[in-house]
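Undergrad: Here are the chains, one letter per residue:
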Amino acid sequence: MARPLLESGHRVVVMPMAVARWGEIRRQTADPGLLLTFLGTAAALGLFVLYPAFRVLVYPSLRDYLAIPESLRWIQAARNSLMMMVLSTISATVVGLVFAFATTRPDLPGRRMFRGLAMLPLFAPPFMVAFAYILMFGRQGLITRSLLGLQANIFGWHGLWLVQTIAFFPLAMLIIAGVLDAVNPSLEHAARNLGADEWTVLRSISLALARPGIAGAMLVVAISVLADFGNAVIIAGGFPLLATEAWFRMEGMGDLKGAALVVAMLLIPTVALFFLERYWVSRRVYTVVTGRGSRIERPSTPPVLKWGAVAICSLVSLLVLLVYFGVIAGAFTAVWGRDWSLTLEHWRLAADRIASLWSSVKIGALAGVITGTVSVVVAFLTSRHLPFRGVLDFLAVLPGALPGVFVGVGYVLAFNATPIGGTVWVLAAALAFWHLPMGYQAASARLKQIERSIEEAAVNLGATGLQVLRDVYLPLLVRALVEAFAVSFIRAVTNVSIVIFLIAPGQVVATFVILNMIQNNIWGAGAALTTMLLLLTFASIGVTWIAVGRTVRSPGMG
Amino acid sequence: MNRAHVSVQGITKRFGPTVAVDGVSLDVEEGSFTTLLGPSGCGKTTLLRMVAGFHHPDQGDIFLRGIRVTDIPAHRRNTAMVFQEYALFPHMTVGENVGYGLRLRRVSADEATRRVGQVMELVGLAGQQRKFPHHLSGGQQQRVALARALVVEPEVLLLDEPLSNLDAKLRIRVRSEIRQLQQQLGKTTLYVTHDQEEALAISDRIAVMNRGRILQLGTPLQIYHHPVNRFVADFVGLANFLEGEVSAPGQVRMEGVSLTVPDGALPGRRVTVVLRPEAIRLHARPPEGVANVLRGYVTAASFLGTLARYWVDAAGRHWIVDVPSPGEALMTGEVFLEIPRDRIHLLTET
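First to last, the protein sequences are chains A and B. Last residue of the first sequence: 1328 in my numbering, with the numbers rising by one and none dropped. Last residue of the second sequence: 351 in my numbering, with the numbers rising by one and none dropped.
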């Protein structure tokens, strides 16, 4: 029989009227522990998510906003950012689509390898692709100069375009492959049965069904490109962009108001894209999971398509491998571009800065604990029939729409003048709450998989609210907690866009040191330290994998 | 004092603008097996869940052994429930699942182990305590859920469509097992289903529900043979419905036909004649010396194993007729319907 509205109406925030409903709410909130947790969490989200954003937006005066069109440099930065968004989004989505297609065809040679390789950029620190490509294709580039003898200049928009394509196509691949995977094979078989050849099936069924996925992928990639700070700061050179402009304003000129204005400008498109994705595209996904479709093998892919895809995937995979190869090679090469002999000298230099790696780990662990805890608590609260739980949900996903530089400037404005200003706590909180959406959504999804009746069964047998939490939810959410911790930790130790604004004297972290090294052309030590960061990342993935028994979801880019 | 074991009095429950349960009263006697039967959305599950304490009624009260439990929270009522999707704890072994209620009741470990062993034997799963739920088949998970509910010795056992996830054959087997177990333990049981055949097979009493109300409460035989209205007659079993007017005592006239019916209705009243398909007899030649014979024509026939089902056009309408133990050949062409007077049920509602 139909479930009563209370269970099916998850989207309803506060239903109008209904004495009955207020009755339910009263009974729920009659639990003082739950009510206190709810209020505490709401306050924390308000303070660490909403307040910094608010501070950024109100810091410049209305007159400052109105003066934006008069500043040629800002208009140019905005135009450049939008141009990069269009270019990189299209190229990354196309490459991602090819990979998604290739890795979902069972008869494509090397499909598992391609999927594995395509995941690699997701685990790289957010400046690593740019760094590696300077080593490979720059003025001293191994490929451009030493092998091909070219006088190449990778700095500028074209270099950034290549870098962002490689850095963000994995995101597109994951989203599109997820949709393609979910296409019920019997739909394709039905089309074949009606007389469609493979080309027609692909065009009229598979790709047609994947269209919302492709749109979603484009929006997610576009947000990442707009917010990309790490690659841009290294490789864009004199090409002004909004994300880097904020940093130059603040660092170079101490112009906090200018920085706030720039990140506010950046916020408009990212927030728009974010909500477009979340509330429009993601609701138009046709591929409903309806149990297991028939597991009939797909017929073989047409050869042109098959080998075309293999060729593109091979080329891109090579570019991905160069990212890792470049940085690791750089860490062992005496003088890049001049003296190719092997050395451990850079590691000694890097070891001198090992303290920065420890602060990274410390801050990362702190951020991970906060993200993990808050994720699970918010997910638990939003699963209750509490009033205003929609607000809580909104605040927990909102950081996903905020570019890192926006959060960075926001925390500077919100907390620098407070007693905790300049401590590791501000940095850890910024990183933790910025990563909250991933942990929260994972925990929430896990919680939704847990049948409501499981909780009711426990209550029915005599369990109180706390006993339900202890006996049912905590054991079932441990994995979500560990994963949220791991993802937040990895992204925190590799972050640059927030770190760069909130770094405190005496608490220098590894990414900050690496960035300085790269900008001062100390490539070897920078590469060595980056390699250590990579080891740390993969070690954390390994530990998490052992802890929860499967791979961590890709941490994405920061 | 009300001697009913479970008593529901004047219960109303709304979800937003929807009235899920609308002023329902129901008494369940000790040791009886009572089924709430109705289509989706009729309020049967909501009613069951209110007895369990998962929903609080907007109006009315619930009594267990005459004690008002309306405001007692779910975890303090001893009303163990078997859920439609079993709701076994996936992270606990079968033994831990079944023993969970005992652990919450602070039963000593030894005692709990003994009782879990006993109840596992009772449901035919002796020695399977160390497995996890996902190692078991659907039918076995079903029994674990039943064992988990029984082990705490509940006041009343609640079952919410417990068989809907099993395949047809297993469903029939498990339902007779549930019934046997219930009779053996003498446990007061409230059972929810939308399957009328299941309800007829398993229950002492059936409450047929629609739109939040109980339309009829009675034994399976009463419900089937003497439905109080067209909805009940239609929902439980198949029926031919004919509308007409009482022309004289014991006579109903409708378009083209006049039938001799049991006495009872006053002349001039509109009535609905309810005829179960198996109540009608089918003859190849006109039978001698009986009333209510109609000449008809077989339009379709279907062999169902233990019976044959015919669609017959007679007196300007379609009839469904079931003939038990059909012989070697199905009838075709012209046939004669005989409608025994005492098998006719009259509905006098408008």
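Treat the hints as calculated values from the structure; they're not laboratory data. All residues carry an ideal CB built from backbone N, CA and C; glycine is no exception. Check each hint, because a few of them may be wrong.
To be verified - Here's a subset of chain A near chain B, in silico, CB distances under 8 Å, partners left out:
#1 PRO802
#2 ASP951
#3 ALA978
#4 ILE1224
#5 GLN1289
#6 ASN1291
Stated by the list, open to error - To give a feel for the contact side, a few chain B residues facing chain A, derived at Cβ under 7 Å:
#7 ASP28
#8 ALA75
#9 MET82
#10 PHE84
#11 ALA88
#12 HIS92
#13 GLY96
#14 GLY102
#15 GLN252
#16 PHE304
#17 LEU305
#18 TRP312
Undergrad: Each hint should be assessed against the structure and marked as holding or not.
TA: Each hint, compared with the structure:
1. PRO802: Interface hint status for PRO802/A: violated (15 Å vs cutoff 8 Å).
2. ASP951: violated, 23 Å
3. ALA978: violated, 34 Å
4. ILE1224: Check passed: Cβ of ILE1224/A comes within 5 Å of chain B, closer than 8 Å.
5. GLN1289: At 50 Å from the nearest chain B Cβ, GLN1289/A fails the 8 Å test, so the hint is violated.
6. ASN1291: Because about 54 Å separates ASN1291/A from the closest Cβ in chain B, which is outside the 8 Å limit, the hint is violated.
7. ASP28: violated, 22 Å
8. ALA75: holds, 5 Å
9. MET82: holds, 5 Å
10. PHE84: At about 4 Å, which falls below the 7 Å cut-off, the nearest Cβ of chain A leaves the hint on PHE84/B intact, so it holds.
11. ALA88: Holds, about 4 Å.
12. HIS92: Since chain A brings a Cβ to about 5 Å from HIS92/B, closer than 7 Å, the hint holds.
13. GLY96: This interface hint is violated because 15 Å lies over the 7 Å limit.
14. GLY102: holds, 4 Å
15. GLN252: violated, 42 Å
16. PHE304: With Cβ-Cβ at 32 Å, over 7 Å, it is violated.
17. LEU305: violated, 28 Å
18. TRP312: This hint is violated: TRP312/B lies away from chain A, its Cβ roughly 31 Å from the closest one there, beyond 7 Å.
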